[in-house]
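Protein chains: 2
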Amino acid sequence: MAKNAFYAQSGGVTAVINASACGVIEAARQSNGQIGKVYAGRNGIIGALTEDLIDTSLESDEDIAALRYTPSGAFGSCRFKLKSLEDNEREYHRLIDVFKAHDIGYFFYNGGGDSADTCYKVSQLSEKMGFPVQAIHVPKTVDNDLPITDNCPGFGSVAKYIAVATLEASFDVRSMAKTSTKIFVLEVMGRHAGWIAAAGGLASNENYDIPVVILFPEIEFDQDKFMAAIQEKVEKYDYCSVVVSEGARWPDGRFLAEQGTRDAFGHAQLGGAAPVVANMIKDALGYKYHWAVADYLQRAGRHLASKTDVEQAYAMGRAAVEKALEGKNSIMPTIVRTSNNPYTWEVGEAPLSEVANVEKMMPREFISEDGFGITQACRDYLIPLIQGEDYPPYENGMPKYVTLKNQSVEKKLEPFEL
Amino acid sequence: MAKNAFYAQSGGVTAVINASACGVIEAARQSNGQIGKVYAGRNGIIGALTEDLIDTSLESDEDIAALRYTPSGAFGSCRFKLKSLEDNEREYHRLIDVFKAHDIGYFFYNGGGDSADTCYKVSQLSEKMGFPVQAIHVPKTVDNDLPITDNCPGFGSVAKYIAVATLEASFDVRSMAKTSTKIFVLEVMGRHAGWIAAAGGLASNENYDIPVVILFPEIEFDQDKFMAAIQEKVEKYDYCSVVVSEGARWPDGRFLAEQGTRDAFGHAQLGGAAPVVANMIKDALGYKYHWAVADYLQRAGRHLASKTDVEQAYAMGRAAVEKALEGKNSIMPTIVRTSNNPYTWEVGEAPLSEVANVEKMMPREFISEDGFGITQACRDYLIPLIQGEDYPPYENGMPKYVTLKNQSVEKKLEPFEL
Chain A
1 MAKNAFYAQS GGVTAVINAS ACGVIEAARQ SNGQIGKVYA GRNGIIGALT EDLIDTSLES
61 DEDIAALRYT PSGAFGSCRF KLKSLEDNER EYHRLIDVFK AHDIGYFFYN GGGDSADTCY
121 KVSQLSEKMG FPVQAIHVPK TVDNDLPITD NCPGFGSVAK YIAVATLEAS FDVRSMAKTS
181 TKIFVLEVMG RHAGWIAAAG GLASNENYDI PVVILFPEIE FDQDKFMAAI QEKVEKYDYC
241 SVVVSEGARW PDGRFLAEQG TRDAFGHAQL GGAAPVVANM IKDALGYKYH WAVADYLQRA
301 GRHLASKTDV EQAYAMGRAA VEKALEGKNS IMPTIVRTSN NPYTWEVGEA PLSEVANVEK
361 MMPREFISED GFGITQACRD YLIPLIQGED YPPYENGMPK YVTLKNQSVE KKLEPFEL
Chain B
1 MAKNAFYAQS GGVTAVINAS ACGVIEAARQ SNGQIGKVYA GRNGIIGALT EDLIDTSLES
61 DEDIAALRYT PSGAFGSCRF KLKSLEDNER EYHRLIDVFK AHDIGYFFYN GGGDSADTCY
121 KVSQLSEKMG FPVQAIHVPK TVDNDLPITD NCPGFGSVAK YIAVATLEAS FDVRSMAKTS
181 TKIFVLEVMG RHAGWIAAAG GLASNENYDI PVVILFPEIE FDQDKFMAAI QEKVEKYDYC
241 SVVVSEGARW PDGRFLAEQG TRDAFGHAQL GGAAPVVANM IKDALGYKYH WAVADYLQRA
301 GRHLASKTDV EQAYAMGRAA VEKALEGKNS IMPTIVRTSN NPYTWEVGEA PLSEVANVEK
361 MMPREFISED GFGITQACRD YLIPLIQGED YPPYENGMPK YVTLKNQSVE KKLEPFEL
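Protein chains in written order, with my numbering: chain A, 1 to 418; chain B, 1 to 418.
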């Protein structure tokens, strides 16, 4: 009798994580019975711990296909990091108990670095406990910081969103600069790595000469150098766009967003890096500004996804199943770039032991010497990832995303306290 | 000899103001010589005052056609309100002098309420000064607050952007709500009228049951009632989205954005209404939040324009020229809604004397009784305006917007001090 599979979404969701879910479920449905049912964890790994499983076999082929263009986590995700095996063997044992109870032989975990680690431990422990589960990690993170894989599904669409937003807002501020706004500041995600901020640099290309100054988390903020850079751009172009990473920091390690600001009740005010930077420019140079904080809009913006990203997210989901059927365990399918121009890529794989807990930062040679821009090497890396559009269907003016039935599987075990 | 035309863009730009420019220029080119050249003001009306004119006849038909899908002001705009005729006759006289020098018989002014007023005065004064200019106002404003016309070009695309952004971000927070973020706050434009905020209510429709609480500038902010509304939604849905207008105010008239916050230097901090509202919810109810400020992204976001809006913006530009050729003066073409479902509309016209300095607010019956949502009447009004998609062409992953040559017309007059 074929084993069932368990699939869960982990951590911050993306515009294309459901495309990976679509790949997993479609490949399992097409496995000629080698995989039984695919159960999804309701709200990620918490669904496994609490035996709160969703029976995806009750969803129509049409609805599963619609996951390909539906953003965010269709089964719910969670921020819940399992503790180390030594500190909390109980949780890992519970996972195995649930897998046993529902005859689950495949564990597909769709997430970033933390979930790769969990996935790795489940594979090790299940073996030790005599109920071996093939654990395959499906890469996902807008932060683009997983090692070995050339890039991470989810990132390409955020990069496209930020590149387009920076371009369009730059057109706006350019129109207004003569008598009004000269500075536009856009705050983007990426607390540790500047991959997303770098994408703002793509607003300037062979078609557009747009002044963009980028503040990366990797580069210590130098206020004087920054003001000089802004002034130089404004003198040349009459306006300037600034893309600031939420992770941009002062030399002493404080985020720019923490400016010692207090609200009326004396609480420290976390107002975002964008207004801080905008006010700083106004104080030093007197330029009128506008600022935006993209926040969830950037990672949920499926209406502007990268076709390349959608294809890769889907391919990673499918590859996870295919590799499981080849008997692979404790691995993550990866994206291997085989050529920049024309862009070509293929599916590879990496052992989870080498993926877990490794963060891939932006290489210094992707950031221009002055620290405020991207280099040609960075463009060569980024541009393929934003290629192509993949619009969702619309109905009555709005995207027609799918909401699944998400029916529960009957529980077989005692409740479990988280 | 056919008279030339002058065209200028005024005030905050939009995703579709260039579609109106396209309509004006294409209609003039097709006028069988009834209109000579179309000169555009560089940076709006300032271009007329300083005799800084752009010769649009030097642009290719292809580039002019590309204006239809290029956001923001292709000739530059400005925030520059001419003073009243009594206070500053000098500026109006200068306009007429420039029009005379360049044989301009048509004045097409593309803007909101202030520019309608300017347009009206130019028409009156030119007549009085013996150099009659046909002054036609082309409606444009994301604020949707011009009278008589059913709606304003520019608004439909912002409405679509905000509706889609609210939907997508709501999907995101719904995915995360179990263990993390339960509240998403989106700040939108509209200092006086809540039209744009109302569009956030479209995230919930017959396909989606999404909890959205809206803070309108028209409704005095009541913190207790607001917290009760949020709590009720979170208890039912486990999450809630909030759309807050930048113009939302306390009963004493202060904007929510001014919370008495001071930065490290003691300056009043204008941090936006979104973080204020988000922090307020966290303090009262303890829910984790995310917040975004859309700012320019919402009005520059041509990648997600409403097809209806693009068509109407273009039609208003064409109608301005056609009405001028019919001998009309001192009017504004309008959008007349003839049916809601199916949506049909036609071009009408309004005398500028009735347009200038009148602001159309949201009717109270468009806002739900509790003050936090939109009514069916509001939906019936809004839904036609976001219908259809009209994507720009892409090249290498990015929209391919046009940048015009914008060559200057030779000056004939003495310089003019602004």
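Hints listed in this document are in silico derivations from the structure and should not be mistaken for laboratory results.
Treat the hints loosely; a few may be bogus.
[What the hints assert, rightly or not] In silico DSS-like pairs for lysine-lysine, Cα to Cα no more than 30 Å straight-line:
{"id": "1", "chain 1": "A", "residue 1": "Lys236", "chain 2": "B", "residue 2": "Lys412"}
{"id": "2", "chain 1": "B", "residue 1": "Lys412", "chain 2": "A", "residue 2": "Lys81"}
{"id": "3", "chain 1": "B", "residue 1": "Lys307", "chain 2": "B", "residue 2": "Lys236"}
{"id": "4", "chain 1": "A", "residue 1": "Lys83", "chain 2": "B", "residue 2": "Lys288"}
{"id": "5", "chain 1": "B", "residue 1": "Lys288", "chain 2": "A", "residue 2": "Lys178"}
{"id": "6", "chain 1": "A", "residue 1": "Lys412", "chain 2": "B", "residue 2": "Lys236"}
{"id": "7", "chain 1": "B", "residue 1": "Lys128", "chain 2": "B", "residue 2": "Lys411"}
{"id": "8", "chain 1": "B", "residue 1": "Lys412", "chain 2": "B", "residue 2": "Lys83"}
{"id": "9", "chain 1": "A", "residue 1": "Lys288", "chain 2": "A", "residue 2": "Lys81"}
{"id": "10", "chain 1": "A", "residue 1": "Lys178", "chain 2": "B", "residue 2": "Lys3"}
{"id": "11", "chain 1": "A", "residue 1": "Lys100", "chain 2": "A", "residue 2": "Lys411"}
{"id": "12", "chain 1": "B", "residue 1": "Lys400", "chain 2": "A", "residue 2": "Lys178"}
{"id": "13", "chain 1": "A", "residue 1": "Lys288", "chain 2": "B", "residue 2": "Lys83"}
{"id": "14", "chain 1": "A", "residue 1": "Lys81", "chain 2": "A", "residue 2": "Lys128"}
{"id": "15", "chain 1": "A", "residue 1": "Lys83", "chain 2": "B", "residue 2": "Lys282"}
{"id": "16", "chain 1": "B", "residue 1": "Lys236", "chain 2": "A", "residue 2": "Lys400"}
{"id": "17", "chain 1": "A", "residue 1": "Lys288", "chain 2": "B", "residue 2": "Lys81"}
Sort out which numbered hints this structure fails and list those numbers smallest first.
Numbers 2, 3, 5 and 9, in rising order.
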